[in-house]
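Trainee: Here are the chains, one letter per residue:
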Amino acid sequence: MSWWDDALHRATAEVILAGCLAGLVGVHVVLRRLSFLTMALTHATFPGVVAASIIGVNILLGGIVAGGVVALGVAALSRRRGQDASAATGVLLSAGFALGAALVATQSGFSRDLSSFLVGSILTVGPQDLLTTAVVLVVVAAVLLVSARPLQLIGFDRAGAEAAGVPVGRWDIVLLLTLEVVVVTMVPAVGTILAVSLIVAPAAAARLWSGRVVPMTVLSVVFAVGSGLAGLWISSRWNVAAGASISLVATAILAVSWPATRIRPRPARPATT
Amino acid sequence: MPALRYAGVSVGYDRTPVLTHVDLELDPGQRLILVGPNGAGKSTLIKSVLGLAPVLAGEATVLGESPAAARGRAGYVPQIDTLDADFPVSVRQVVMMGRYRSIGWWRPARAADRRAVADALELVGLADRAGHRFGTLSGGQRQRVLLARAIAAEPRLLLLDEPFNGVDAVSQEAIIAVLRELAAGGTALVLSTHDLTVARELADLVCLINGRQWAVGTPGETLTAGKLRSAYGGHTVDLPDGHTMLVEP
Numbered sequence: 001m002s003w004w005d006d007a008l009h010r011a012t013a014e015v016i017l018a019g020c021l022a023g024l025v026g027v028h029v030v031l032r033r034l035s036f037l038t039m040a041l042t043h044a045t046f047p048g049v050v051a052a053s054i055i056g057v058n059i060l061l062g063g064i065v066a067g068g069v070v071a072l073g074v075a076a077l078s079r080r081r082g083q084d085a086s087a088a089t090g091v092l093l094s095a096g097f098a099l100g101a102a103l104v105a106t107q108s109g110f111s112r113d114l115s116s117f118l119v120g121s122i123l124t125v126g127p128q129d130l131l132t133t134a135v136v137l138v139v140v141a142a143v144l145l146v147s148a149r150p151l152q153l154i155g156f157d158r159a160g161a162e163a164a165g166v167p168v169g170r171w172d173i174v175l176l177l178t179l180e181v182v183v184v185t186m187v188p189a190v191g192t193i194l195a196v197s198l199i200v201a202p203a204a205a206a207r208l209w210s211g212r213v214v215p216m217t218v219l220s221v222v223f224a225v226g227s228g229l230a231g232l233w234i235s236s237r238w239n240v241a242a243g244a245s246i247s248l249v250a251t252a253i254l255a256v257s258w259p260a261t262r263i264r265p266r267p268a269r270p271a272t273t
Numbered sequence: 001m002p003a004l005r006y007a008g009v010s011v012g013y014d015r016t017p018v019l020t021h022v023d024l025e026l027d028p029g030q031r032l033i034l035v036g037p038n039g040a041g042k043s044t045l046i047k048s049v050l051g052l053a054p055v056l057a058g059e060a061t062v063l064g065e066s067p068a069a070a071r072g073r074a075g076y077v078p079q080i081d082t083l084d085a086d087f088p089v090s091v092r093q094v095v096m097m098g099r100y101r102s103i104g105w106w107r108p109a110r111a112a113d114r115r116a117v118a119d120a121l122e123l124v125g126l127a128d129r130a131g132h133r134f135g136t137l138s139g140g141q142r143q144r145v146l147l148a149r150a151i152a153a154e155p156r157l158l159l160l161d162e163p164f165n166g167v168d169a170v171s172q173e174a175i176i177a178v179l180r181e182l183a184a185g186g187t188a189l190v191l192s193t194h195d196l197t198v199a200r201e202l203a204d205l206v207c208l209i210n211g212r213q214w215a216v217g218t219p220g221e222t223l224t225a226g227k228l229r230s231a232y233g234g235h236t237v238d239l240p241d242g243h244t245m246l247v248e249p
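These protein sequence lines are chains Y and G, in that order. Counting along the first sequence from 1, when you hit position 109 you're at 109 in full-length UniProt numbering, and nothing is skipped either side. Counting along the second sequence from 1, when you hit position 187 you're at 187 in full-length UniProt numbering, and nothing is skipped either side.
Quick caveat, the hints were computed from the structure, so don't treat them as lab data. Yeah, the Cβ is synthetic: ideal placement off N, Cα and C, and Gly gets one too. One or more of the hints may lead you astray.
[As the list claims (entries may be wrong)] Taking CB as the label site, the calculated pair distances span:
{"id": "1", "chain 1": "Y", "residue 1": "Leu-145", "chain 2": "G", "residue 2": "Ala-57", "range": "44 to 52 Å"}
{"id": "2", "chain 1": "Y", "residue 1": "Ile-173", "chain 2": "G", "residue 2": "Glu-122", "range": "36 to 44 Å"}
{"id": "3", "chain 1": "Y", "residue 1": "Ile-173", "chain 2": "G", "residue 2": "Thr-16", "range": "24 to 32 Å"}
{"id": "4", "chain 1": "G", "residue 1": "Ala-57", "chain 2": "Y", "residue 2": "Thr-261", "range": "50 to 58 Å"}
{"id": "5", "chain 1": "G", "residue 1": "Glu-25", "chain 2": "Y", "residue 2": "Val-146", "range": "40 to 48 Å"}
{"id": "6", "chain 1": "G", "residue 1": "Gly-29", "chain 2": "Y", "residue 2": "Val-218", "range": "45 to 53 Å"}
{"id": "7", "chain 1": "Y", "residue 1": "Ala-95", "chain 2": "G", "residue 2": "Gly-186", "range": "56 to 64 Å"}
{"id": "8", "chain 1": "Y", "residue 1": "Val-139", "chain 2": "G", "residue 2": "Asp-14", "range": "37 to 45 Å"}
Working from the sequences, and respecting the hints, build out all of it.
Mentor: So, in structure tokens, the structure goes:
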């Protein structure tokens with residue numbers, strides 16, 4: 001019997017990989033203020049994942065297609081002047097969730113129950129899921145490394161980036177699709193709805209501790225992996241749902257970071273000249 | 001070859017003109033100041049040079065090409081309130097962004113790039129702030145960092161949108177001195193302002209606009225009480241000392 005045959009061992013490996021993914025992409029979500037959009041993406045992913053499961057195709061594929069449609073739709077909407085992207089995002093969020101719930105209701109004797117898509121079922125993660133997460137992690141890390149400069153320039157100064165001839169819209173799509181792939185990959189571990197907390201909370205906490213991107217990214221990954229491991233431990237020890245405890249640990253890290261960073265001495269203000 | 005040539009140009013968005021009848025020609029090393037009230041079309045005119053607002057009529061040439069073809073070749077200093085001051089970047093990183101066009105997205109910065117960044121920061125008087133986070137600087141210092149970023153790109157045409165808004169007197173003097181030096185080195189400058197004192201002090205050419213071009217020429221020719229009154233719609237007050245004060249509508 002190999003080490004990988006133990007469900008808890010596989011779950012441990014999965015939360016480490018998923019934590020790395022969430023921590024990396026979370027930094028961009030927080031810096032670009034895309035938390036609400038991420039929320040909508042996770043909800044829009046839900047019907048895609050359910051539909052894929054019903055049809056019998058790979059749920060990763062279904063989620064990416066559904067989320068991709070939303071990502072591109074939001075990108076297109078936010079390019080139109082005078083359009084309030086947050087209204088469209090909000091509507092897509094609840095519509096996606098409703099569609100998913102309706103799809104689940106059409107199936108009697110559904111093979112995987114509703115909650116496993118919503119909040120994950122880490123203890124049923126198989127070797128195939130682990131391999132997928134590992135491959136996605138490598139690809140996402142490479143994409144984010146390669147697009148570090150354009151994403152930095154666009155996030156800091158969108159008007160300046162456009163003036164410099166940077167195809168801003170195309171880079172927005174790269175970021176949104178990367179985010180979508182991460183969300184879908186995390187479904188087996190924490191589900192569509194709880195993915196958002198593991199993406200946003202560790203990065204938001206890291207943002208409080210550091211004003212520079214590299215340390216912030218490292219901290220974000222550490223917090224996300226830490227949340228995963230601690231949540232898994234709490235889950236196995238007290239028999240609580242793993243997805244929920246992972247989310248709650250991530251939230252607790254953010255909740256503690258806020259007062260902790262406020263009592264740190266502030267750097268001296270520079271002289272105004 | 002002129003750095004900028006507009007002949008009978010209208011610019012706007014969604015086929016609705018914001019600014020019409022623009023006729024101007026700017027040679028290398030010349031300083032053009034766009035003067036007009038809020039909403040006059042100053043920013044739109046600058047965006048049209050950058051290829052970001054469509055030219056609806058007339059003929060526009062930027063560095064010998066159409067604005068779309070020249071996109072990315074002209075330097076641009078945006079208004080400081082359009083960028084995310086909370087974004088975690090250092091002053092040095094911001095100025096290095098000006099070099100991305102020549103470095104590319106993936107290659108590491110070369111010694112020449114680092115030197116260009118240091119020189120640009122030196123020129124705007126912020127060499128000692130290179131390691132500071134951009135968001136911790138004052139408004140005037142931020143504006144100087146953005147100017148340094150534009151300088152690091154070594155453009156032949158530089159556009160500045162309201163560079164003196166929210167800027168203290170010390171930074172304003174520093175920026176004006178740098179702009180003079182750039183123009184002396186052959187860079188053509190276009191900057192928008194509603195500060196007539198700055199316009200008189202800095203301009204070779206003034207373009208007076210409000211929905212259309214009302215006048216173009218030297219400050220002495222354009223910033224007259226009559227022309228300002230026609231452009232601003234009568235909202236001017238003649239002061240006893242012979243100057244004209246503008247009252248924004």
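Trainee: Next, verify each hint and record whether it holds.
Mentor: Status of the hints after comparison with the structure:
1. Y/Leu-145 <-> G/Ala-57: 44 to 52 Å: 45 Å, holds
2. Y/Ile-173 <-> G/Glu-122: 36 to 44 Å: Roughly 39 Å apart at Cβ, these two residues keep to the hinted range, so it holds.
3. Y/Ile-173 <-> G/Thr-16: 24 to 32 Å: 28 Å, holds
4. G/Ala-57 <-> Y/Thr-261: 50 to 58 Å: 55 Å, holds
5. G/Glu-25 <-> Y/Val-146: 40 to 48 Å: With Cβ atoms ~42 Å apart, the hint holds.
6. G/Gly-29 <-> Y/Val-218: 45 to 53 Å: Holds, since G/Gly-29 and Y/Val-218 (Cβ atoms, about 48 Å apart) stay within the stated range.
7. Y/Ala-95 <-> G/Gly-186: 56 to 64 Å: 57 Å, holds
8. Y/Val-139 <-> G/Asp-14: 37 to 45 Å: 39 Å, holds
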